[in-house]
Amino acid sequence: MRWIVTKDHHGGCVGLGEDEDGVPARGKPEDGDALPVEFRLYTARGRLLFEGRCGDIAADWWHGMEPLLYAWATFRCRRLTWRPVGMDEPWRPLRPWIRH
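Residue numbering for the sequence shown follows my numbering, beginning at 65 and increasing consecutively.
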């Protein structure tokens, strides 16, 4: 699943992400404009580190975990929240075992 970091609250990671095939790739924040879901990555203590865009997590939660898994060891991200772009709804925690 394509994903990209569009806002970096940590430093040096804007544009970090993966292409459609899961290969690490860098891009510009605007590259995420066509992606239907926005996400946020947090540390275990709740500090927001990154915001970005990705493919449809509701349709493909397994690949929706990729930004979190990528940032797990290096940045100690432990939580991902998401919502469809353009929707003024609360951020949803990524809970793969619960159908949305």
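Hints in this document: simulated from the structure, not taken from any laboratory.
Glycine included, C-beta positions come from ideal geometry on N, C-alpha and C.
One thing to keep in mind: the hints can contain errors.
Stated by the list, open to error - Derived pair list, reagent style SDA-like, types lysine to any residue, alpha-carbon separation capped at 25 Å:
(1) K71 x K92
(2) K71 x G119
(3) K92 x R159
(4) K71 x P157
(5) K71 x V87
(6) K71 x G91
(7) K71 x E84
(8) K71 x P93
(9) K92 x D120
(10) K71 x G86
(11) K71 x T145
(12) K71 x R111
(13) K71 x R159
(14) K92 x H127
(15) K71 x A122
(16) K92 x V149
(17) K71 x P100
(18) K92 x L113
(19) K71 x V149
(20) K92 x R109
(21) K71 x D85
(22) K71 x F139
(23) K92 x R66
What the hints assert, rightly or not - Ranges of calculated distance between the beta carbons of each label pair, as one might list FRET restraints:
(24) D120 x P88: 16 to 24 Å
(25) D124 x P88: 29 to 37 Å
(26) D97 x D152: 14 to 22 Å
(27) A108 x D85: 13 to 21 Å
(28) V87 x R109: 25 to 33 Å
(29) W126 x M151: 16 to 24 Å
(30) D152 x P88: 19 to 27 Å
(31) A122 x G75: 14 to 22 Å
Consistency of the hints with the structure:
A hinted pair counts as satisfied when its Cα atoms are at most 25 Å apart, and K71 with K92 qualifies at roughly 10 Å. For the hint linking K71 to G119, the alpha-carbon distance of about 17 Å falls within 25 Å, and the restraint holds. At roughly 28 Å between alpha-carbon atoms, K92 and R159 are farther apart than 25 Å, so this suggested pair is violated. Between K71 and P157 the alpha-carbon distance is near 19 Å, which keeps this suggested pair within the 25 Å criterion.
Pair hint K71 plus V87 holds up; C-alpha atoms about 20 Å apart against a cutoff of 25 Å. Of the supplied pair hints, the one linking K71 and G91 holds, its CA atoms being roughly 12 Å apart against a limit of 25 Å. A hinted pair counts as satisfied when its Cα atoms are at most 25 Å apart, and K71 with E84 qualifies at roughly 20 Å. Between K71 and P93 the alpha-carbon distance is near 8 Å, which keeps this suggested pair within the 25 Å criterion.
Under the criterion of a C-alpha separation no larger than 25 Å, the hint pairing K92 with D120 is consistent with the structure, at around 20 Å. Restraint check: the Cα-Cα separation between K71 and G86 comes to about 20 Å, which is no more than 25 Å; the hinted pair holds. Of the supplied pair hints, the one linking K71 and T145 holds, its CA atoms being roughly 14 Å apart against a limit of 25 Å. Between K71 and R111 the alpha-carbon distance is near 14 Å, which keeps this suggested pair within the 25 Å criterion.
Simply put, K71 and R159 have alpha-carbon atoms about 23 Å apart, close enough for the 25 Å limit, and the pair holds. At most 25 Å may separate the alpha-carbon atoms for a hinted pair to count; K92 and H127 meet this at roughly 21 Å. Using a Cα cut-off of 25 Å, the hinted pair K71 and A122 holds, with the two alpha carbons roughly 22 Å apart. Only pairs whose Cα atoms come within 25 Å are accepted, and K92 paired with V149 is accepted, the gap being roughly 18 Å.
With a CA separation close to 16 Å, the supplied pair K71 and P100 stays within the 25 Å bound. This hinted pair checks out: K92 and L113 have alpha carbons roughly 18 Å apart, not beyond 25 Å. Using a Cα cut-off of 25 Å, the hinted pair K71 and V149 holds, with the two alpha carbons roughly 15 Å apart. Of the pairs offered as hints, the one joining K92 and R109 is violated, with about 28 Å between alpha carbons and a cut-off of 25 Å exceeded.
In summary, the hint linking K71 to D85 is supported, as the alpha carbons are separated by about 22 Å, within the 25 Å threshold. A C-alpha spacing of about 15 Å is found between K71 and F139, which places the hinted pair at or below 25 Å, so the restraint holds. Simply put, K92 and R66 have alpha-carbon atoms about 13 Å apart, close enough for the 25 Å limit, and the pair holds. Checked against the given bound of 16 to 24 Å, the beta carbons of D120 and P88, roughly 21 Å apart, stay inside it.
Distance hint for D124 and P88: a CB-CB separation of about 19 Å, inconsistent with the stated range 29 to 37 Å. A hinted range of 14 to 22 Å for the beta carbons of D97 and D152 is consistent with their spacing of about 18 Å. For A108 and D85, the Cβ-Cβ distance of about 30 Å falls outside the hinted range of 13 to 21 Å, so the restraint is violated. A C-beta distance of roughly 31 Å is found between V87 and R109, which places it inside the suggested range of 25 to 33 Å.
The hint said 16 to 24 Å for the Cβ distance between W126 and M151, and at roughly 22 Å that hint holds. The hint said 19 to 27 Å for the Cβ distance between D152 and P88, and at roughly 32 Å that hint is violated. A C-beta distance of roughly 31 Å is found between A122 and G75, which places it outside the suggested range of 14 to 22 Å.
Violated hints, listed in ascending order, are 3, 20, 25, 27, 30, 31; each of the other numbered hints is respected by the structure.
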